[in-house]
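Novice: One-letter residues, chain by chain:
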Amino acid sequence: MRYLKKVLAITVKDLLLEAHTKELTPAMLVFSLIVIVIFNFSFEPGMQNADIITPGILWIAFVFAGMLGFARSFAKEHEQESIRGLMLAPVDHSAIYLGKTLSNLVFLFCVEIISVLVFGIFFNINIFPIIPGLAVVLGLATPGFVAVGTLYAAMAANIRLREILLPVLLFPIIVPVLIAAVKITGSVFKGQPLSDVSGWLNLLVAYNGIFIVVGVLTFEYVIEE
Amino acid sequence: MDNDGNVIIRIEGLTKSFGHTRALKGIDLTVRSGEFWLIFGPNGAGKSTLIGILATLLKQTKGKLTIDGIHLGNDIIELRRKIGVISHQTFLYGDLTAYENLFFYGRLYGVDNLKTKIPRMLAEMGLEDWADERVRNFSRGMQQRLTIARALLHRPSILLLDEPGTGLDQHATRHFYRLLDDLHSQKRTILMTSHNLTIGLEKCTHLAILTGGRIVFSARKAELDGKDFEEIYFHYTEKERK
Amino acid sequence: MKKIDIAVFVLGILTFLAISLSLYMAFIYTPLEKTMGAVQKIFYFHLPLAWIGFLAFFIVFLGGVLYLITGSIKWDNLAYSSAEIGVIFSTLVLVTGSIWAKRAWNTWWTWDPRLTTMLILWMIYVGYLMMRNAIDNVERRAKISAVIGIAGFVDVPIVFMAIRWWRTMHPLLITSKGMGLAPSMLTTLFVSLASFTLLYLYLLLIRVRLGLAVNTAEEIKIRLSDKL
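Protein chains in written order, with the working numbering: chain A, 3 to 227; chain B, 969 to 1210; chain C, 137 to 364.
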């Protein structure tokens, strides 16, 4: 219980920081929207493959926005070396990992929700009937992505070339999430029931479970000096 | 636990290597409860490394380290409760207010009654008017005072200070060392590193010189009366420079 | 001579013999395949290369785990050595696979699950090596390498399954390399498998020995500068 309280303290601290500075979420949102708009210009309007491509565009936007957020979240901890302050606390260091994963998750969820609404407008897709399906795919795919992203962002935090390294390291690992998320989203856009993609949903659940465990177990080594 | 004369920190053969570079080459030190150790050394001597290991931030390569009866390696989490660390970095969040910073650290350490303790702490540091001001707007001296508040919030019995005087102007430095006096009189054990010979000498109880990864000199300050510590310091550090 | 030098020497001879044998068997002993001709013989190397690519990454994973448990840098040395060799073998897999695909199906690339998974693994290798270049602190580099190795190793099977499911939904015109194998072909394949494994071990040992020597040199340098 005490452990959980400290995890939440870290999450709340991150949320409070963001509430004060509003640095992270607007930047992530703008980035996400830019990606969506640029893709729109890459394709002819009314193209045949639109419903195959549009889920992909959405998730690529989320991936890029997410990586921006993860990297900045740890950059904040190096300003006055507050990461050391966190490491001095009487709690297992995995609490830092979970606390930050949760706050990153909140930020990315906000960006995703707004992006989906804007996306619906741009691509003339009626969002409202498919909200439950979208909620499921966002709710299942995002945690796994954020769990891995937070771990890798901590690794890249004070390395040379961190801006190029984070994407290079992260992309191979999130391929399963990307494939599953795009598949499910595409199916949701077509109005199909979720039972059609139950295999992909299970994949996401398994992925989330596995990588949160990996994160919790290995985070300690990533932030040690 | 904290009886007078009881050993609080026992360091035996502490070695720390970074890759193949040995930053600490076998440190032996015994610190008793209530003592105030001032450890001098030139840059690169290993002072920050020593503090880092005592603070549980770094793992030693070799050697035995016992703090308040707890072997470093077991039950590190309990140990962290008893230690407060002040470094030249503040560990504070510039975009949070003084109150929010202390509240966060209070939560991290499981301190209760924060709503009463924090205002009291801020008042002790002369920062009560700045409780809702963002730390980014604080002067360096004020940040240092808030850092002390952060370090003391959970009432640690051991204080580790790593060159805390860095970046402070004369006025702030004076204020800081006055505070240090108060801290010591509250029966805390203090270990402070510094490379500045002029400050802190009056307050400490024990002196040591760390150079080239080794402790080459250590004594009770009382024994040094009459001898010029500065001379001793240059003598030992000149040797290393050759 | 140290034990490792003896091992390298013996392994070197064995590897030379084994590779020679498999080259002979692949090019001379086995018949020329009807439809594809000589290019089909890539198969005898492509599969073993792929096997080594995965084996090498398993060693990267193992080395990382053992480093985290023991703290002994020699396990990191093993992991890094295996990664350097593994990336070369993986590159060769992709290249040979590409040549095969062009000849067999007139396309340079196929999103076949096995090949694609190897591509992802190749990317993980590259990221691993890039990251190592970006950190100077020996212990931090070893720890982060270990975590990347572990996360990567856990990921690869999931990637394979995901891509396979993905592919079955769009039936491929191109199916994987299931074809009728004459017995001589099968034997050649196994010999090739064994000889490439030996090659991997040989290269690994040389690289590990080099790594140990570099470590020792660093140590001596530091000890000397201490004395001065």
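No wet-lab data here; the hints were simulated from the structure. Mixed in with the good hints there might be a few duds.
[What the hints assert, rightly or not] Think about it this way: if two alpha-carbon atoms lie no more than 30 Å apart in a straight line, the pair counts; the simulated DSSO-like pairs of lysine-lysine are:
1. B/1032 <-> C/177
2. B/1032 <-> C/138
3. B/1027 <-> C/238
4. B/993 <-> C/177
5. A/192 <-> A/78
6. B/1027 <-> C/210
7. B/1050 <-> B/1155
8. B/1171 <-> B/993
9. C/363 <-> C/177
10. A/78 <-> B/1189
11. C/363 <-> B/1032
12. B/1083 <-> B/1189
13. A/78 <-> B/1050
14. A/7 <-> B/993
15. B/1083 <-> A/78
16. B/1032 <-> B/1050
17. B/1032 <-> B/1171
18. C/139 <-> B/1032
19. B/1032 <-> A/7
20. B/1027 <-> B/1085
21. B/1171 <-> B/1155
22. A/78 <-> B/993
23. B/993 <-> C/238
24. B/1083 <-> B/1050
25. C/138 <-> C/238
26. B/1027 <-> C/177
27. C/238 <-> B/1030
28. B/1189 <-> B/1032
29. A/24 <-> B/1083
30. A/78 <-> A/24
31. C/357 <-> B/1030
32. C/177 <-> C/139
33. B/1030 <-> C/177
34. B/1083 <-> A/7
35. B/1189 <-> B/1171
36. B/1032 <-> C/357
37. A/7 <-> B/1050
38. B/1030 <-> C/363
Novice: What's the verdict on residue 1189 of chain B and residue 1171 of chain B, does the C-alpha distance respect the 30 Å limit or exceed it?
Specialist: Holds: residue 1189 of chain B and residue 1171 of chain B sit about 10 Å apart, inside 30 Å.
Novice: Hint check: residue 363 of chain C vs residue 177 of chain C, CA-CA at most 30 Å. Holds or violated?
Specialist: Between residue 363 of chain C and residue 177 of chain C the Cα gap is close to 60 Å, so the pair fails against 30 Å, i.e. violated.
Novice: Are the Cα positions of residue 78 of chain A and residue 1189 of chain B separated by 30 Å at most?
Specialist: violated (42 Å)
Novice: Within 30 Å, alpha carbon to alpha carbon, are residue 1083 of chain B and residue 78 of chain A?
Specialist: Judged against 30 Å, a Cα distance of about 26 Å means the pair holds.
Novice: Is the straight-line distance between the alpha-carbon of residue 1030 of chain B and that of residue 363 of chain C 30 Å or less?
Specialist: holds (21 Å)
Novice: Next pair to validate is residue 1032 of chain B with residue 138 of chain C; report whether the Cα-Cα distance is within 30 Å.
Specialist: Violated, at about 34 Å.
Novice: Does residue 1083 of chain B pair with residue 1050 of chain B here, judged by a C-alpha cut-off of 30 Å?
Specialist: holds (22 Å)
Novice: Starting from residue 1027 of chain B, check that the Cα of residue 238 of chain C is at most 30 Å away, please.
Specialist: violated (54 Å)
Novice: For the pair supplied as a hint, residue 1189 of chain B and residue 1032 of chain B, is the alpha-carbon distance within the 30 Å limit?
Specialist: holds (26 Å)
Novice: Is the straight-line distance between the alpha-carbon of residue 1027 of chain B and that of residue 210 of chain C 30 Å or less?
Specialist: holds (18 Å)
Novice: Residue 1083 of chain B and residue 1189 of chain B were given as a pair; does the straight-line alpha-carbon distance stay at or below 30 Å?
Specialist: violated (41 Å)
Novice: Straight-line Cα separation of residue 1050 of chain B and residue 1155 of chain B no greater than 30 Å?
Specialist: holds (13 Å)
This entry does not satisfy hints 1, 2, 3, 4, 5, 9, 10, 12, 14, 18, 19, 20, 22, 23, 25, 26, 27, 32 and 33, going by the numbered hints stated previously.
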